[in-house]
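Given the sequences, and given the hints that come with them, work out the whole structure.
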Amino acid sequence: MKYALLIYTETSGEEYHQITTGLRQPGAAQGAWTDYTRAAREAGVLAGAEQLAHSETATTMRYTDGPPLITDGPYLETKEHLLGFYLVDVDDLDAALDWARQMPVHPGQMVEVRAVLSGMPWQQALTE
Amino acid sequence: MAAGPDRVTGIEHAFREEWGAVVATLARRLGDLQAAEDATAEAFAAASVAWARDGVPPNPGGWLTVTAWRKAVDTYRATGRSTAVNPTILNEVTEKPEETVMPEPLGDDRLGLAFACCHPALAVEARVALTLRFVAGLTTRDIAAAFVVPEATLAQRLVRAKRKIRETGIRFTVPSSPAHLAERLSSVRMVVYLVFNEGFAASAGAALVRDDLCDEAIWLGRLLRSLLPADPETAGLLALMLLHSSRRAARLAPDGRPVPLAEQDRALWNRMLIEEGSRVLDDALKLHSPGPFQLQAAIVALHASAGSYESTDWPQIALLYRALARLDPSPVVEVNRAVAVGMADGPLAGLAVLAPVLASGALSEYAPLHAAHGFLLDKAGDSERARGAWGRAAETSGNSALRDELLRRHEID
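Protein chains in written order, with my numbering: chain L, 1 to 128; chain A, 1001 to 1413.
Derived by calculation from the structure, the hints in this document are not laboratory data. Quick caveat: nothing in here was measured; it's all calculated off a predicted structure. Where hints are given, some of them may not hold.
To be verified - DSS-like cross-link-like pairs, simulated, lysine-lysine; straight-line CA separation at most 30 Å:
| id | chain 1 | residue 1 | chain 2 | residue 2 |
| --- | --- | --- | --- | --- |
| 1 | L | K79 | L | K2 |
| 2 | A | K1071 | A | K1164 |
| 3 | L | K79 | A | K1164 |
| 4 | A | K1164 | L | K2 |
Claimed, not checked - Far from chain L by the CB rule (all over 12 Å, computed), these chain A residues:
| id | residue |
| --- | --- |
| 5 | D1038 |
| 6 | A1041 |
| 7 | T1075 |
| 8 | D1108 |
| 9 | A1123 |
| 10 | R1222 |
| 11 | L1273 |
| 12 | S1278 |
| 13 | L1351 |
| 14 | A1355 |
| 15 | A1386 |
| 16 | G1391 |
| 17 | S1400 |
| 18 | I1412 |
Even glycine gets a Cβ: it sits at the ideal position worked out from N, Cα and C.
Set out below in structure tokens:
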């Protein structure tokens, strides 16, 4: 069964920009997230992982009767933004919670664990 | 929970136990509580016809499990319902339906079911409802009546919880790692004790219904202990509930007024429950792994064995509260410890324990804090300040019978 581990943080757009820029500098230290990702891959449970640009940079399309309306900013203005996610393929919720528990998150951050539905007709198109 | 003090009869529980065992086996195999419940209901309906016609089979439980399993298989074939669960089951069902084997009941199916119903990923109220419905086998109507909520609300709560279990992959198994087992088991115990306290603390509803909740919790405690005989805290929980229960008849005066421990007629305490509770506690303590439930049970056991309030072994009780505070620090424990210290070493010593709790303001709306304060001030001879504390106790009490009694005793208008 697949689970999305969604990582939320309160970091502001400016802070987030500085942190991510720093991490991309040549010679930046490999961090705990690298170890975590490697461990998940070596355990054979990693089905995907992405880190998102700050929600401040989001573009939202609003669908109405006419053509979609393009607006600057996220759909919901919240203090927390979705920083990224891991997709793990494990046996059950307890195993997914274990992978969430091992994440090197900071105090104040949150990880939401969501099961992924299977058997949806559209999913056949993924592997055609 | 229907009317009548003898409602929880042996026959009814035997029936519910059979029902719970069948649901547990089916749930483990199907990974789906709703499907397990539906199939079990069909099997019981079939039994009422077949057994009336052919007589009760030699192994009624086995008959019901096999029949429920066949009904579930039929449903899967008929609806092609796909689940996110055990693929071997689906293969069995879809590929060789004629050879569908009977599910092998496991000794711990019921334990696995309890662990799923009490999973920390579920809201506490959902855990309580699921446990009473599927482990204790109560009907939705009974549970709704016990918790004084509309039946539709409770049914909806159960539907949502069952869906979450199925869709998020909560398994009906006992966790294999010791760390997980400890964490999950503590949630199971917590749910059972919550049911007991809902009955014992009489916060809402009719007294009879509350008594029934205590009985259900004790029944669950016995079941848990039979499934986990080597777990000291599970035994401690059962002992605590039995020992608390022994005082049930003495806690209320004939006119419904609450009677404080100091004034209870100890002849009304149930000796059988005290004996059983003490025995269960002794067995737990022999395992040399004390925990909060064992310590609380030990405290209640000391009360139960005392001839009077004054001759109670207060120094020992104060020590037990100290040990409890170390394991599970909470201002509520400190309030109880203050009273014990006050009885053991005098009211000033008790007031000294209470002072930091009063100063922190953490429990300013907690009636027992103010009652303890009033009690210790009275003993110290400071009746004026005591009256103020008793007034706060009355103000903050959520229970109207208790509030009236406090006002009457302390002549507060």
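Non-conforming hints, listed in increasing numerical order | No hint contradicted; all consistent.
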